[in-house]
Amino acid sequence: MEETDYQLLDRYAAGEEPAFEELIRRHQQTIYDLAYRMLENHADAADLAQRTFVQAFLNVGSFRRESSFRTWLFQIGLNLCRNAIRDRGRITHENVEDLPLAASTDIFDATAKAQMRDRLGSAIRRLPNRQREALVLRVYHDHAFAEIGAIMCCSEGTAKANYHHAVNRLRQVLVGEEETP
Amino acid sequence: MTCNDVQNMTVSYLELDGDPDRIREITAHLETCPACRSEMEAVRQVLVRVKQRQVPDPGESFWREFPKSVQAALLRERMAVSSALPQQRRSSGRHWAGRSWSAGSSWALAASILILVLAGLFLGDQVLWRTGDYPVQTRTALTSEAVTGGQGTELGDFAEADWDSTWDEDDSETALARMAADLDPRALERLFTDI
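First to last, the sequence lines map onto chains A and B.
When you line the first sequence up against our numbering, it's residues 1 to 181, in that order.
When you line the second sequence up against our numbering, it's residues 182 to 376, in that order.
Because the hints were derived from the structure by calculation, they are not lab data.
Because the structure is a prediction, the values reported are computed rather than measured.
Cβ atoms here follow ideal geometry from the backbone N, Cα and C, with glycine treated the same way.
Take the hints with a grain of salt, since some may be wrong.
To spell it out: a stretch of chain B is covered by chain A in this simulated footprint if at least three of its residues, at any positions, have a beta carbon under 8 Å from a beta carbon of chain A; those stretches are [what the hints assert, rightly or not]:
(1) 231-242
(2) 247-256
For lysine to aspartate or glutamate, the following EDC-like pairs were computed, each having C-alpha atoms within a straight-line distance of at most 16 Å [what the hints assert, rightly or not]:
(3) B:Lys249 - A:Glu147
(4) B:Lys249 - A:Glu16
(5) B:Lys232 - A:Glu66
(6) B:Lys249 - A:Asp118
(7) B:Lys232 - B:Glu196
(8) B:Lys232 - A:Asp44
(9) B:Lys249 - A:Glu17
(10) B:Lys232 - A:Asp47
(11) B:Lys249 - A:Asp142
One-sided excerpt, in silico: chain B residues whose CB lies under 8 Å from chain A [said to hold, decoys possible]:
(12) Val192
(13) Ile207
(14) Leu299
(15) Gly301
(16) Leu304
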C-alpha cells in the first residue's frame, strides 16, 4: 500500500532522505504543469516549480495539515506565479503577436503564423489572473471548486464565478474567430 | 425554464455542478430547444479545446534530476538563512544601539528641557506680571543680564537693575532668545538656585 503524503512528511521530519525525494517525485509534474500554464515557458516554469518545493520544505513546520500536502503545494506555487506575473508586468514590453512579422519563407514563418492563429491561447493569456487560475486549476488539475477556493484563498462561490467568467470569455473569443472569414 | 436561464447555466450543466433537479430541467429544455443545444455545444467545444492544450514534456532527464536540483537549492537556501541569522542578530544589536541614548542625544535632551523650562518660566513671568500678581523678588531673579543690558555680570548684579525700563513687552520672543543665548553656566546655576 502506498504511503500517504503525511506519512512521507513524518519520515522526512525524522530525517529520512528518501521520503523527501518521493514527495517531490509525486508532485513535481503537477506543480511544473501549473507553473507552465501560468508562465508559459520552460525556464520560468522549472524555476518556479523548484522554488515551490524549496519554500514548502523550508516552511514545512508551519504546515498544519488542514488541507492535503498537494493543495498546500498549489497554494505556494500559485502565490509564486502571481508574484512572477506581477514582476513581469513591471517590465513594459510590446505584445509580439501585435507586431508585423518580417517577410520570411522558412519554417519560422509558418510557426509564427500558426501561433497567431492560436486565438484560444492568446485569449487564455489575456484572462484576468483570477479567472485564469480558476480555469487552470479546474480544467487541467481537476480540482473541486471548494479546493480551488482553498488554493486561491477565496470562497468556493468566488472560485466558481471566476471559472464561469473565464469559460464565457473564451467562448466569446471563439465565436469571434468563427465569424472572422 | 427559459432559454436565458439555460444559457446562464451552461458551464454548471457541463460540469454537472448543481442541483440534480435543475440539471434534469435543463436536459428537458435542451431536448426541445435547438438554440440552447447549439449554445451548449459551443461551450463544450471551448472546454474540450482548452483541455487539449498540452504542456511540452521537458524530458526524462529533467524529471530525474529535478529532486536533486530542489535538494541543492534547499541546501543553498538553508545556508543563506543560517549565515544571515548571526548578521541579523548583529544588525539588530546595532539597531538597538542606534535606538539607545548616546551621549550626544542626552545632552540634546538636557538642552531642550532647559530651553523649555526657561520658556515656561519666562512666559509664566509675563502672565503673572501683566496680571499684577508678580512678586518683585521673583521677578528680578528671573531676568537675565542680557535683558538688563549688563555684560559679563552675574545674575545678582542685575537684581537691582532698572528692569522695567529695559523690558520691551512687544518683543518678548527676541528677549527670550537673547536670554537663552547670553546666559552663562554660572548664571544658570544661580538662576536655578534662586528658583
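Hints and how they fare:
1. 231-242: holds (count 6)
2. 247-256: Holds, because 7 residues of the region 247-256 of chain B bring their Cβ atoms closer than 8 Å to Cβ atoms of chain A.
3. B:Lys249 - A:Glu147: Distance ~30 Å between B:Lys249 and A:Glu147 Cα, so the pair is violated.
4. B:Lys249 - A:Glu16: holds, 15 Å
5. B:Lys232 - A:Glu66: It is violated: about 30 Å lies between the C-alpha atoms, which goes past 16 Å.
6. B:Lys249 - A:Asp118: Violated, because 36 Å separates the two Cα atoms, which is more than 16 Å.
7. B:Lys232 - B:Glu196: Roughly 13 Å between the alpha carbons, so the hint for B:Lys232 and B:Glu196 holds.
8. B:Lys232 - A:Asp44: Distance ~22 Å between B:Lys232 and A:Asp44 Cα, so the pair is violated.
9. B:Lys249 - A:Glu17: It holds: about 11 Å lies between the C-alpha atoms, which stays within 16 Å.
10. B:Lys232 - A:Asp47: violated, 24 Å
11. B:Lys249 - A:Asp142: violated, 28 Å
12. Val192: Hint holds; B:Val192 Cβ to chain A Cβ min 5 Å, cut 8 Å.
13. Ile207: This interface hint is violated because 15 Å lies over the 8 Å limit.
14. Leu299: violated, 55 Å
15. Gly301: violated, 54 Å
16. Leu304: violated, 55 Å
Figure legend: structure checked against the earlier numbered hints; hints not met, in rising order: 3, 5, 6, 8, 10, 11, 13, 14, 15 and 16.
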